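Student: Below are the chains, spelled out letter by letter.
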Amino acid sequence: EAGVVQSPRYKIIEKKQPVAFWCNPISGHNTLYWYLQNLGQGPELLIRYENEEAVDDSQLPKDRFSAERLKGVDSTLKIQPAELGDSAVYLCASSLGRAGTDTQYFGPGTRLTVL
Amino acid sequence: AQSVTQLGSHVSVSEGALVLLRCNYSSSVPPYLFWYVQYPNQGLQLLLKYTSAATLVKGINGFEAEFKKSETSFHLTKPSAHMSDAAEYFCAVSGGNTDKLIFGTGTRLQVFP
Numbered sequence: 229e230a231g232v233v234q235s236p237r238y239k240i241i242e243k244k245q246p247v248a249f250w251c252n253p254i255s256g257h258n259t260l261y262w263y264l265q266n267l268g269q270g271p272e273l274l275i276r277y278e279n280e281e282a283v284d285d286s287q288l289p290k291d292r293f294s295a296e297r298l299k300g301v302d303s304t305l306k307i308q309p310a311e312l313g314d315s316a317v318y319l320c321a322s323s324l325g326r327a328g329t330d331t332q333y334f335g336p337g338t339r340l341t342v343l
Numbered sequence: 014a015q016s017v018t019q020l021g022s023h024v025s026v027s028e029g030a031l032v033l034l035r036c037n038y039s040s041s042v043p044p045y046l047f048w049y050v051q052y053p054n055q056g057l058q059l060l061l062k063y064t065s066a067a068t069l070v071k072g073i074n075g076f077e078a079e080f081k082k083s084e085t086s087f088h089l090t091k092p093s094a095h096m097s098d099a100a101e102y103f104c105a106v107s108g109g110n111t112d113k114l115i116f117g118t119g120t121r122l123q124v125f126p
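So the protein sequences, as listed, match chains A and B.
For the first sequence, the tail end lands on 343 under the numbering used here, and the numbers increase by one without skipping.
For the second sequence, the tail end lands on 126 under the numbering used here, and the numbers increase by one without skipping.
To be clear, the hints were calculated from the coordinates, so they are not data collected in a lab.
All of these numbers come straight from a predicted model, not from anything done at the bench.
No farther apart than 25 Å at their CA atoms in a straight line, the calculated lysine-lysine pairs in the BS3-like style are these: (1) B:Lys-113 with A:Lys-306; (2) B:Lys-113 with B:Lys-62; (3) A:Lys-243 with A:Lys-306; (4) A:Lys-306 with A:Lys-244; (5) A:Lys-290 with B:Lys-113; (6) A:Lys-244 with A:Lys-290; (7) B:Lys-113 with B:Lys-82; (8) B:Lys-113 with A:Lys-299; (9) A:Lys-290 with A:Lys-239.
Here are a few chain A residues that face chain B, going by a calculated C-beta distance under 10 Å: (10) Val-232; (11) Gln-234; (12) Tyr-263; (13) Gln-265; (14) Gly-268; (15) Gln-269; (16) Gly-270; (17) Asp-284; (18) Leu-319; (19) Gly-328; (20) Thr-331; (21) Gln-332; (22) Phe-334; (23) Gly-337.
Here are a few chain A residues that sit away from chain B, every Cβ distance over 12 Å (derived from the structure): (24) Trp-250; (25) Glu-280; (26) Ser-315.
Note that beta-carbon positions come from the ideal geometry of N, C-alpha and C, so glycine has one too.
Taking the hints into account, I'd like the entire structure generated from these sequences.
Tutor: Next up, the structure:
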C-alpha cells in the first residue's frame with residue numbers, strides 16, 4: 229500500500245513569492261490534514277478536511293494561506309506571499325475516519341526555506 | 014482542552030540500556046494517547062496508541078507505554094536500546110471522536126555504542 233505522497237520535498241524561495249505544496253493521501257482515507265512543524269517543535273494542525281470539506285481551519289492564517297481538496301482526494305496548500313517566518317516543514321497526513329482516534333499516516337513533508 | 018508535556022528535549026542512552034521517554038498529559042475528557050517516531054527528513058510514524066482498552070500498550074520495534082491515570086502519564090519504554098532507535102519521539106493527545114491531535118515538543122533520543 230502506498231503511503232502519503234508529498235511534493236516537492238524541498239523548496240527554496242525568496243520572500244513575497246508564492247509557493248504551493250501538493251499531497252496525495254492514502255487511497256480510501258477520507259480525512260486529510262496539513263500540519264506545520266517548526267524546528268524543534270511538534271506538528272501543529274493548520275487545516276483538516278473530511279472528504280472535500282474543510283472542517284477545522286481555525287489555525288490557518290487566512291490572509292496568506294489557502295488550501296483546497298478537490299474531489300476529496302488530493303490537496304494543495306498555498307502561501308502567497310511567503311514571509312521569512314514561514315520557513316518550516318509542512319506535513320500532510322491522512323486517516324480513514326475520525327481525527328481523534330484513527331491513526332494518522334504522515335507523508336515525508338516539504339521543507340520550505342524562505343530567503 | 015488537551016495538552017502534552019514531554020520532559021527532556023534530549024535523552025542519551027548506551028546501546029542495550031533501558032529507554033525511558035516521559036510524557037504527561039492534560040485532558041478534560043478520557044484521552045486517546047499516541048507515540049510517534051520521526052527519523053531525519055521523514056514524516057511521523059505511529060509507534061503505539063492508547064484508546065481506553067488495556068493500560069499497557071505494546072507497539073512496534075519493541076516499544077511499550079503504560080497509561081497511568083493517577084499520574085496523568087503515558088511514558089514510553091524499551092528494555093534495550095538499539096542504534097536504529099535514534100530519532101525524535103513525539104507524544105500526542107486527543108479527546109477522541111473528531112477532536113484534533115495535540116503534539117508535545119518532542120524528545121530527541123541518542124544511542125551511543
